[in-house]
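Chains as they are written, first to last, in the numbering used here: chain A, 1 to 310; chain W, 1001 to 1128; chain C, 2001 to 2222.
No wet-lab data here; the hints were simulated from the structure. Positions of the beta carbon are idealized from the N, C-alpha and C atoms, including for glycine. It cannot be assumed that every hint is accurate.
[As the list claims (entries may be wrong)] The following residues of chain W were derived to be distant from chain C, with all beta-carbon distances above 10 Å:
1) S1007
2) R1027
3) F1029
[Stated by the list, open to error] Here are the in silico distance ranges between beta carbons for each label pair:
4) R2185(C) to R1091(W): 55 to 61 Å
5) S1074(W) to R2208(C): 45 to 51 Å
6) G1070(W) to E2068(C): 31 to 37 Å
7) E1043(W) to S119(A): 43 to 49 Å
8) D1085(W) to Q2099(C): 51 to 57 Å
9) E2130(C) to N1050(W): 26 to 32 Å
10) S119(A) to L1088(W): 53 to 59 Å
11) R2208(C) to K258(A): 26 to 32 Å
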Amino acid sequence: MNPNTPSKLEKILRAGHLAVTSECGPPRGSDAAHIVHKAELIKNHVDAINITDNQTSVCRLCSLAACIRLKLMGLEPVLQMVVRDRNRIALQSDILGAASFDIHNVLCLSGDHQRFGDSAQGQNVFDLDSMQLIQTVRRMRDEGKFLGGDAIGRPPRMFVGAAANPFADPFEIRVPRLAKKAAAGAEFIQTQCIYNIEKFERWMEGVRERGLHERVFILAGVTPLKSAGMARYMKTKVPGMDVPDEVVKRMAGTPKDKQAEEGITICVESIQRLKDVKGVAGFHIMAIEWEERVPGIVERAGLYPRPALN
Amino acid sequence: MRLNYPSSVRIIRVPCTGKVDVLHLLRCFERGADGVYVVGCREGDCHYQNGNFRAKKRVEQAQQLLDRIGIGGSRIRMCNLSSSDAPLFVRFAEEMHAAVMSAGPNPIRGARAAMKAAPDASSPAAHP
Amino acid sequence: MIVAERKPIEEIIEQVKDVRSLLVLGCNECVTVCEAGGKKEVGVLASALRMVFLQQAREVNVGERTLERQCDTEYLEELRDAIDQYDAVVSLACGVGIQFTAEKYPSKPVYPGVNTSFMGATQERGVWVERCQGCGGCILARTGAVCPVARCAKRLFNGPCGGSTDGKCEISKDVDCAWQLIINRLKALNRLQDYETLAPIKDWSTDRAGGPRKVVREDLRS
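From just these sequences and the hints, can you work out the full model?
Set out below in C-alpha cells:
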C-alpha cells in the first residue's frame, strides 16, 4: 500500500516492519539541551519519537517546539496533541505550524484532566474531543480544508495516530471504541502500557474479528517498571492502568537493588510475547524519565538494528 | 422520686425534638440564653421514628454556626434519655449548668447592656 | 432547579461590615428546595448576623423577607415600599435573582449570600447533583438521556476516555463515568450499536462560549 504521507513511521509500517517508537517528556523549563540529550540517547534505536503534550497536566515546554528541535536534528518526531488546552483555532494553527517544519506524525489525545497536574484550578477546553481532532487533521490533510471550510495553502501531510486503552472500563466497548477511532481516520494506534498481556490478547482478538488491525497499525505500548513501588503506584493510582498482581509480586520479590533490572527484563519479555500477537505492528516504549534504558530494551527484544529506508 | 436540678434551667416543651429548628435554637441565644440543650428520646425510641436524629443534626448545625459567630458551640448540646429516667435528667441539667458556668455569660447579653448604656451616637435617628 | 450553597458566614459579615440596616432577602423557588436561601435560611442568617452586629457593638436593623421569586420583576416590585429602609440587601437567591434584584433597585447594594452552583436535582436529602449545563444544543437523544456535557469531566462526545475505571471517572472514585452510564442506558434501550456513530463537532455558539444568551419568541411578545 502506498503511503499517504512522507512520514518515515508510516513507510516503515507499510513496508511490514515492526516499528519502534518511544517518547520523551519535554523539560519544565526552556533548556533545549534537555530534549536534545534525551533524543540523542534513543535516536539510533527507534523509528520515531513522541513528544508528550503537558502530560499529566503538568506544565512543560510545548510539544511543538520540542518536535521542531528533533526535526532540526534530522529525527522523526510524533507531535502529541491533547484537546484539553486548546480550542479548534489553536489546534489547527499548531498543526499548520508543525506542518511548516515538515513534522509528519501527530498523535491525537484527550489529555489527562487538569486535576492531576500543577494547575488544578485551571479551565479546560475540550472544544473538540480526541476523535474529532483525528477527523480534523484528516480533513486538513485529505481535503485541504479548515474545519470552517476554507482552503488551506499547503495542507499538512501528517500520519495520524491515536491512543487506545485496552484496559479501561467498560471493556465491552474497547473494541468498538477503536473502531470509532479508525472510522474517524486514525491510521496508527499507540496503546496504553501493557502489563496484563492476557487481557490485551483478548482485546486483540476482538480487534482482529472486526479486521481493525488491517485498518490501523497497532503499536503495543510498554513501560519498564523501575521498582516495586512504581508497580504498585501504577496499579493503584493511575486511572485506566492494569498491572496484574503477579507483576507486582515479581517486582516486590526482587531485591531492591535488582528491581530496575527485573523491570527491564519484564519489559523485554512482554515485547517478545507481544510479537507473537497477530495484529501487533510495532512497539511504543514509554520509558518514563528513563530514556537511557530504551536502547538496551530494543536490543534485547531483538528489534535492533532499525530498518533503513532509502 | 423528688429530685432537685439546677434552678437555672427553664424547660420549653415541644411535642418532639424533631420540631426544634435551628432557628429556634439561634433565637434563644439572640435573646440572651447562656446555653441550650435539647433533650430527646433515646436514639431509636422516637415515637415519630427519627425526630431525635433530626434534632441532633440541627443541634450540630447550630453548634457550628455559634462557633463561627463568636458565641461558642459549647453552649449547645443534644441529650437523649428515656422519659422515666429522672436521675439522668438531673445529671444532664447539672452537666449543662456546669458547662454554661465554665463558658461564662452569653456575650450577647453584655453587648446589649453596653449598647443601652452608651447608645452609638452615629446611629441614625430613623432606627429608634 | 438551580442549586446553590450558603456562603460562609464570615464572607457575608465582611461584605456588610459598613451597613447600618440590612435586608436579608430569600427566594421561595429553587434555593428553598436546596435549603440554601428560603425563608428558613433567611431567618437563620438574619439571627446570626444580629448576634454578630451586637458583639461588634453595632446597631444594625436586620430585616427579613422572602419573595415568591427574585427572578421575576413583578415579585421584586413587592419590595418597593420597604427597600428604602435598608442600606443594603443580602440576597439568598441564585445569581439570577441577585442580579434581577440589583437591576430593579439600581441604587441599592445587593450582596450574594449564596454561591450558585449548578442546574441539578436532589439526589437524596442533603445531596444535590448536576445534570445540565444549558449548552443550548441538547444531544440527550443520542446519549441515552445522560448528558456528557454536564457529567463527563472532559465533556467528551465520543467517550469514554481511557481513565474510566469500574464505572467511575478518573478524577474521583465518587464520580460516575458519564460514558459508562450512557453505555448502560444504550444497552438497556437495545441501542448499543448507536455508540459507534461518531458524534459531530459541537456547535458551542449556543453555549456560554457564544456570549450572553437570550431567547426571543416573537409569537409571544406583546
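Results of checking the hints against the structure:
no.	hint	result
1	S1007	holds, 26 Å
2	R1027	violated, 6 Å
3	F1029	violated, 6 Å
4	R2185(C) to R1091(W): 55 to 61 Å	holds, 57 Å
5	S1074(W) to R2208(C): 45 to 51 Å	holds, 46 Å
6	G1070(W) to E2068(C): 31 to 37 Å	holds, 34 Å
7	E1043(W) to S119(A): 43 to 49 Å	holds, 46 Å
8	D1085(W) to Q2099(C): 51 to 57 Å	holds, 55 Å
9	E2130(C) to N1050(W): 26 to 32 Å	holds, 28 Å
10	S119(A) to L1088(W): 53 to 59 Å	holds, 56 Å
11	R2208(C) to K258(A): 26 to 32 Å	violated, 56 Å
Figure legend: structure checked against the earlier numbered hints; hints not met, in rising order: 2, 3 and 11.
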